[in-house]
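Colleague: Okay, here's what each chain looks like letter by letter:
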Amino acid sequence: MRNTEDIRCVAQVALFGDKSAFDKLTCKYQSSIRRFFLNLTMGDAPLSDDLAQETFIKAYLNIRSFKGISGFSTWLYRIAYNVYYDSVRAKKYYSDIDVAEIDKNFQTNNEFSSDKIDIFNALKILRKEEKTAVLLFYMEDKTHVEIARIMNCPLGTAKTYILKGKEKLGVYLKNAGYEYK
Amino acid sequence: MNTNNEDEMLKKFFGENKTEIADNGFSRKVMQKIPHEQSKDWIVWVFAIIGMGLASYFAISTGLINSLLMLFTGISVYYLLIAVFCFPLVTFLVLFLQKNKYVGLGQF
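Protein chains in written order, with this note's numbering: chain D, 1 to 181; chain L, 1 to 108.
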């Protein structure tokens, strides 16, 4: 489905409340949004599905605020980013608990965890913002401008997050003996 | 390791770990949780009826309908017959020209 088709679906939802048009958009973007959350939550599939569901419901309720200046996908990632950081802020209450230790002891087991352990370990060394920017750039193929829009930060800041994340991951993968070529 | 190599390495690393997640009923769950909105079609009908009512009121009160009827009754029957016969002829002519235009474009 091209971008123009996205806009057609959005118009159908906004003007006529056409749920089947929104279903098409959900089917198209569910994989990328769930993958984005899955990587941000270090493989917690139930949590990432809940966050993805919240993202799509918020998108449906606020679809009239979509101006079409950026693509629908960028707008959706912006909502996803806000949903994720809202959930992180909500969990700040538990910040005294050693989250890393809990992760180690109660590693979430799901269909993705066995073959994704490397990427989750690699992402753990990054700061939240760097992780988000790197995932959007390398995993979700977003441009610097789109990332700046999603993260609501200046373009230079988004570039810095990617650069710092890239440097850290480069060193980590090199030390972990990751074979490039 | 230079920046380009690092870039390529990360692209490869993330590419290897990029998986498509099967829907497995996720979209259906989202659609079920979407709040039900009441249809607003009735607004269109209300405004259409109000508009038609106002138009009829002004047409009758200003005598517009009477003058239109007078105008039509004043036209010669022959003119009306010519118009009725010409209408399909003009329509067919336009359709014929349009068809030829598209055939012509198709040759390029």
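Simulated from the structure, these hints should not be mistaken for laboratory data.
Quick caveat, the model's predicted, so the values are computed rather than measured.
Warning: the hint list may mix true and false statements.
Pair ranges (Cβ atoms, derived) [what the hints assert, rightly or not]:
1) Pro35(L) <-> Tyr172(D): 39 to 49 Å
2) Arg8(D) <-> Gln98(L): 45 to 55 Å
3) Leu155(D) <-> Lys18(L): 17 to 27 Å
4) Gly177(D) <-> Lys18(L): 17 to 27 Å
5) Leu155(D) <-> Arg28(L): 35 to 45 Å
6) Gly71(D) <-> Leu71(L): 48 to 58 Å
Ideal placement from N, C-alpha and C gives every residue a C-beta, glycine not left out.
Colleague: Looking only at beta-carbon atoms, does the pair Gly71(D), Leu71(L) fall within the given range of 48 to 58 Å?
Modeller: 56 Å, holds
Colleague: Do the Cβ positions of Gly177(D) and Lys18(L) conform to the proposed distance bound of 17 to 27 Å?
Modeller: Given about 21 Å between the Cβ atoms, the range holds.
Colleague: Given the hint of 35 to 45 Å, check if Leu155(D) and Arg28(L) actually sit that far apart at their C-beta atoms.
Modeller: 39 Å, holds
Colleague: Should the hint that Arg8(D) and Gln98(L) are 45 to 55 Å apart at their CB atoms be regarded as holding?
Modeller: About 27 Å separates the Cβ atoms of Arg8(D) and Gln98(L), which means 45 to 55 Å is violated.
Colleague: Verify the CB-CB distance for Leu155(D) and Lys18(L) against the hinted window 17 to 27 Å.
Modeller: Given about 25 Å between the Cβ atoms, the range holds.
Colleague: When you take the CB atoms of Pro35(L) and Tyr172(D), is the distance between them in 39 to 49 Å?
Modeller: 44 Å, holds
Comparing the model with each numbered hint stated earlier shows that hint 2 is the single one that does not hold.
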